[in-house]
Every structure is written in C-alpha cells, then in structure tokens.
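Chemist: Residues per chain, in single letters:
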Amino acid sequence: MSVLTVCPYCGTGCQLIVNDPGTGERVIGYSKSPVNHGKLCIKGYSGLSYNFSRERLKHPLIKKNGEFLRVSWEEALNATSTRLLEIIRKFGPDSVAFQSSAKCTNEENYLMQKIARMIGTNNIDHCARSCHSPTATGLITTLGAGAATGSIKSLEESKTYFVIGSNTTEQHPIIGTAVVSGRKNGKNLVVADPRKVQLAEIASIHLQFNPGTDVALLNSIMFVILEEHLEDVEFIKGRTQGFAEFKKEIEKYAPEITEGITGVKPDAIRETARLIAKGKPTSILYAMGITQHIHGTENVMSISNLALLTGNVGVRGAGIFPLRGQNNVQGSSDMGALSEWYPGYVPVDSPKVGYLEDLWKRVLPRKKGLSLSEMFDAAADGSLKAIYVMGENPLVTEAAISDVERGVDNLDLFIVQDIFMTLTAGMADIVLPASTSLEKEGTFTNTERRIQKVNKVYESPGEARPDWWILNEVGRRVAGMSNYGSPEEIFEEIGRSVPSYSGATYDNIYPIGKQWPINSDYPNGTEILHAKSFPIGRGKFVPVRYGPAAETVSEEYNLIMTTGRNYFHYHSGTMSRRADLLSRESPEPYVEISAEDARLLGIKNSQTVTIESRHGSIETKARITDKVPKGVVFVPFHYDESRVNRLVGKALDPLSKIPEFKVVAVRLLV
Amino acid sequence: MSEAFIAISKDFEMFGSVEREGEIIFDRVGEFDEISEGRSRYAPKEFLMQRNENVLLLKQQEKKAVFGVMSCDLKGFYLMDKQVLGKDPFYTERRKNTLFANFVCNEPCEGGFCTSFGGPVLEEYDVQALRSGEKYHLLVSEKYDKYFRNYEREDGAFFSKFKLEFGSKMEALQVDGVENRITWNSGLWKEFASRCISCGACNFSCPTCYCFDLYDDGDERKREWDSCILSGFTSSSAGNNRKDLDERLRQRFYHKFVYFKKSKDEYLCTGCNRCVEDCPVGIDIKEVINHNYSGE
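Residue numbers (the working numbering), protein chains in the order written: chain A, 1 to 670; chain B, 1 to 296.
So here's chain A without its partners, still in its complex pose:
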C-alpha cells in the first residue's frame, strides 16, 4: 500500500506518501510537491497515529437519560432528520444552525452549507470565523479576493520578508523554513511580534510591539515610507484608488508619536520602512496575530495598504500571505461555509444568488445568518433551537466558553459529528462517528489556494463513515438534496458553483494540485494573483484609524495575555495529543511568563498558578521564558483540562465578528 495524500495538520498543505507493504507505515514527504519538496515537520512525520487511537468513535450514539447508547446508522440518521425537521416545522429554518469544519474536505463543506441553505437558513459558519474571517472581509474589500496573492514557491524570489503576527516556524513550519533559508542566504527579515519567536531571533529587525497596536505600528511604517518618498508612485497611480484620503490619515502617525502606543523606537520603524520599501520584492506574511483582534479587519486592510503603497502585489516574490491555520480553511471559506457568503464569496444578499437557485432548484435565503460567535448567544436566548457541529470543538476553542456552555445547555437538539468523543461531543444528543482525512477521498485547498487531492490511506474503524457520506444521508432526508455517489460527483458540482474552481477536476489536479482560479482562461491555475488588474479593478486604499483593543490593563488585571498554538499541537489537541511524540513534547497546559514578572510575583518554573481575567479563571503551570516580554503572558489553547478560552471575552470585530483572542487583561495568582 502506498498512497499520496495531504498532511491533515496546518494550512501549508504538505504532500506526503504513506507506505506500508507490511512493515509498519512509513511516512515521507513527496519530493515532487511544489509546496514541501519532500520535507515535513514533526506533525507530518510523527502526528498521524491518532488515526489508530483506541479512543476513536466507532458507532453512532444517541443520548438517553444522560447516557450514550449505541445505535445503528439508520436509527441515528432518522433521529437526526426527524428531530431537525420537527424543529424547523415548529420554529422555522432560522432556528437551526450548522457549524462546518476547516478540517474537512471542500466536498464536505460544500455539502454542509448546501444543506443549511436548502433548508432555508444562512446559519452556517465554521472556525474560519475565529481565524481568518478578517482576511476574507478585509482583502475582498481592498483587493477583491480574500486569499494569498502569491505562491509558497515564489517566496524564494523575495528580497525582504515582513512577518507580522505569525510564529511561522512553529505554525507553518515548512513555510517558515523558506524564510529561514532565505535569511541564511542574506535576505532581509523584519519580524513584528510581541513574542520573541524563532524567526525574531534571526531577523534583521524585531519589532517587539505591544499586543493590539498593529494599526499604529503599520501606519507609522507607512508614515516613514511617505515621508522619505519611498512609495511606488507608478503603482499607486496606475493600479490603485483612494490614495489621497489614505495619505491624510497616515500623516498623523509619526513614529515619535506612535512610540507611546506600540512601545517601538522610531529608529526601528524607520529602518523597517526602508527595508520593506527598498528591498523589493517584499512579501508580507501574517497570521492570527493580525486577525484575532476587534480591529482584525482593519489590521488586514492596513497590511493591504502597505502592500499597495510599496507596489508589492502581483509580482513574484512580493505579495500578501495570510497563513491559514488549518488544513482547509481556504477551501471551507471558498465553499461558502460562512454566514454572509454563498460559495465563491457571493454575498447572501447579492442578485448573483439567483444562479445558485437555478442550479439547486430552490429559493434560497438572502438574509445574513448567525456567525459562529453569535450562534451560542442565540441558543442561550432561546431563538436558536438546534446546532449541528461537524469536526469542531467549540467548547474548547471558542471565546467566552461559559457562554458557549450556557448556549449548548439551552438547545433542544445538539448533533456532533466527530472522530473522537470531544468535550463538545460529550454534550451532544446525537453523536455521529466520522472518518479521518486519511480514511477518505476529497480535496483540500491550502494557504496558497492550491487545490490538492486527498486520498484514502486507511480503513475507517468500526462503523465510522466519511463526513460526506453522513452529510449526503442527512441532506437527502432533511433538505430533499439529491444523492451523491462519490466525492468526485460533489466536486463536479463545486466546479459549477464556484467560478475559480470551474476548471479543476480530480484528474487534472493530480498529483501536485493547482492554484485557483482554475478556469478556461487559466487551465493550469494561477500562481500569482492581481498581476495585471484586481478583480475590483483598482486596488483600494482604506484609511485605517488606530483604536485600542477591547481590553486594557488595570491595576487589578495588570498583564496582557495572548493565546495561540505551539509547535507540537493543533487546535483542541484531539489529534495531536493522541500522537506519542507530540504529546510527550508538550504534555500539559502552561503559561509563558517573563523572568521579571515571575520574580515580581514570586513564581517559580513549573509552579501551578491561577490566571484570572474579567471573565473567568483557570489553573495552569508557569513556564518562565525570555520569549515573552515583561507585561505579556502567553497561553496555548490546546488543552481541554485547562481551557484558556474561559478567560477570553466576547468583544467582536464589528466587521468580521472575530473575537479578540490576542489581547486579554489578566492577573496571575500563586
């Protein structure tokens, strides 16, 4: 047995081969892949054993009197459909909501949003809401497409890397190594991050700015570019709009003024501005450090402003790279598993929805649905009666968890489809056992828009079934959806629904994938977006004004906590914590704290501490490190035994509805 497929972890989308001729499995990177050139990180090499975990869900379960009972698929599917239909009949389609998954395939995300919309609701959303919704909202506004503008391969041609809010070597390791190797070969590297991440250690400049002050930082860089006349005049004139108004805003951000906000010395800002503007082509890489703020969309638009100002779009080696956290965040967003967009980012209130109505032969809802963060509130206030979750663990990963719990408690029906009995699945009325991505066929779209074929390596345990199979069964029963015989049939329909996927087939994306748009004009896909023009004509400068984060420190809550992932784990840890080496490397929850803060608080390494925010408290162990500066602590969110999201508040970015996971005022108690 030897199968070429895609790594199930981060959005890089490394291709790997699993080979087992009866000698135990061997995992190798696919050397022909333009993404990873045969390389993998530790999660690819040693992270796949969750597939064989004895804790896998093997049978459908229905909760009766507080206990899960094993039932047949027929019984589980009938219960799912009967109860959903009853709620819809009584309370209308907007009383149910669906949470799709960036860990599932394009085909599965497409099916789930189709079910929701055929029922008559846009209450469909997924975890992209909590990671890159500001990217979609922001970049669609400024450039016309919410995706990376270049390719991973084109990073080789950059002269300067500007990495902001991305711990690239830990979160997108193989992309990180492109930057590491580039730096080794003498390229410029500016890292803007409150934490001293690995790339910061080798950077030309590390801007260790205060969490939540991104706009002030970026605007001051652009102030210097304008002050020193380093902008790309020709590009601004020929390709953009809105420059004059934008310039007026930027003029307020002299680095001497922003220093008080960002904590960054003016000299460092000036040097950064010169590197970015003179050391072209410059590629800008960002991740959750930019998006997970109440100003997330504005942060993204600031980055877009910087790229437009310096003419760093549409050229090899330049570009904007929103690094996607999960294997298929790009694809699940492309599929329209979001409450404000139909497949292909067609706004729900757009006349273009008519095309899908013809295709699906159904009148479709035109009103914005509930976003992920709003669904649980609607459940708590009783307007939402049922939630169907696929491959997500919101009881660990959503902000303000006590409110999530309250919402789930108040539901009439909670359905969870997963590979493990997660904390979330444990709360469900019906649990549907799913196959992992190594047990099924489909496609993932990686962080550079590359649609790649996912292939079946292993058999599913017990009665676990691929998510597309389960959704197909549910869709037929509750939405009168026609039957799909295979993922390929679904993919063919995706080609008809999403223009940028129209030229892709299972055959022609094999083996190394193609980057969308793939259509009759670009049958081989598109490596660099916006080379000649933008989908919206001219790139749009948007003046962005700095505003503070939702939470600030006070005498009582004197530290800023940021949350995120570490190298060894992924999301709520359901997969990575079931892999031997990964769980050994990072076995338990912790808080990173600076030596100085630890000394002031009398905290020793590995000591158990209580972290309190205005919203809740958790216990965890202290890890003293020079990675975080004084005044800042970092807590990973992988651990369900100590859920850091208890501490995160409910403040949302008004434009994208993303919660502020990156700035939480806390205090530590011994």
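Derived from the structure by calculation, the hints contain no laboratory data. Predicted model, so just to flag it, every value in this text is computed and none were measured.
Chain B residues, not near chain A, derived (Cβ > 10 Å throughout): (1) E3; (2) D88; (3) T92; (4) E123; (5) F148; (6) F158; (7) H255.
Simulated pairs of lysine-lysine, PhoX-like, Cα-Cα distance not exceeding 25 Å: (8) B:K243 <-> A:K621; (9) B:K222 <-> A:K58; (10) B:K243 <-> A:K630; (11) B:K82 <-> B:K59; (12) B:K243 <-> A:K196; (13) B:K10 <-> B:K59; (14) B:K190 <-> A:K627.
Cβ atoms here follow ideal geometry from the backbone N, Cα and C, with glycine treated the same way.
Guided by the hints, dock chain B onto chain A, whose structure is given.
Modeler: Same frame as chain A, now just chain B:
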C-alpha cells in the same frame, strides 16, 4: 538475476525498490524486473525497526528478501548491528531473517559522500550487485550462496577496480580524526539551532539512527522512532539534560563522530546524505566534518 530471484522467492517474501507516484519506495514485488535501480527515496530501516510497534509481543518473523537497497543504506544496518544486534530482540530476529540485496551505484549521486566511509562497495553484504552493461557482477555471502550456484564467481577484483574509479569521481572527505578536531563550544551548534525547526527528519531519514521512545497505550507497550533533536528525548523528571536545541544538535553529531567512534571504532554515518536532503533548512552534516574548528 531473475533466476536467483525466483529461487529466493521460494523461501522468502519478496520486496524491492519500485517506483510509485514518481518516488522510489519499497513494496512487495513479484519479479526481478519490477525493481528500480534508481536511488530509493529513503533508507528502508522499517524492515528491521518498525516505526511503531508493541514491544510486549514478538511475533514469529517471516523471512523477507529486500532487493534494491542502496549500499549506503545497507551499511547503516552493519553499523547499527554493533549497538543493537543481540540486544534488541525485534531487531535481532528480523536481521536474522532478512536478506538484503544491495545495488552498488554506478555513478556518484548528488551530494552523497559514501566514499568517505568506505562506500559504495561494501565489505559486508548478503548479496551485492554491480551493473556493468547488461550484466551484474555479484558478490554473495556464504549464507545465501546456495541461491547463486549457477552464477559466475567473482573474486572481487572487478569491484576493487570499480571502487578505485568511483573514488576518483567522488573525493572522500577528511573524516579521520574528526573526533579530535570537533569542539564542544564551536559556533556551528548555535548557528544550526537558529535554523532547525525540530522536524526530526535527520533522525528518521538516517540509516544508522536507531533510538526509539517507549510509551503505554492501553494494554500495549509501544515503541516509536524517536528524535534526539526533541526536548522530550531521554528527558528525566528534571527535564532534558540538554536544555537547549544547540546542545541537542551537538549531541547528535558528537554521537555520530565522537562517542560511537570511541566505543565502537566506527563513525555512525554512511555518507548517504539523506539527512541533508530531508532537512528543510539545509543543515549539512558534511559541514561538521569539514569545519575548521581550530580556526574559530
């Protein structure tokens, strides 16, 4: 070699290097012609040490014959033997029951440096084959001689001559004495650490790395290939002795070029270059050999 292949297949399960999805990997093979002579994508050490297995149960080992192993990869097993043969029952049982037929490369590969460690013609082998035009020259060990009764005997002269020619095309590195030249406080280790992302590729790809982790999984006790670059490797209740990544990288190279040399009189490296090829940040073991330590 088809005739011997058929004879061997009567007693052994047959495996070989074959091309799949554009990569040369190891799979079951039915006939000799399926075997690819190209360089395999990896050293097939899972034939002796599975990536993950239950150590509470040692099953009867089938006899396996593996064709198409590269000389550099096979050399790795002879080096591992010095540490684990007779001590690790899994390795030992499989080693006894596995026949390896190695191909000697006709031309140097890019980046490889096997001549620095005595390659590509090995002094120890089961079946060693060297192509010359349409024909193979063969060296066969006593243990497997019975399968090759109808083949021409080689006295090794052809191999010696070939080795000399090969050596002129791939100049050997100055390995001798590296155990005395290498320095504990060299700047190399920190420089490597600034780039290393702890992926483990150097260990997993290495034909001589044999370390594993032990852990309990329900009623099974399992071992899994480990990486000495990780901080959990050999850690005790006080954590890892080698707290920082540069110390762990140094340990890897000291083990290969100092400790193993001092205890077993061999360097734990075959010059296969696989760790370099699989490393995503280009850390090059050749630099450890060539580095001017005294000039630092």
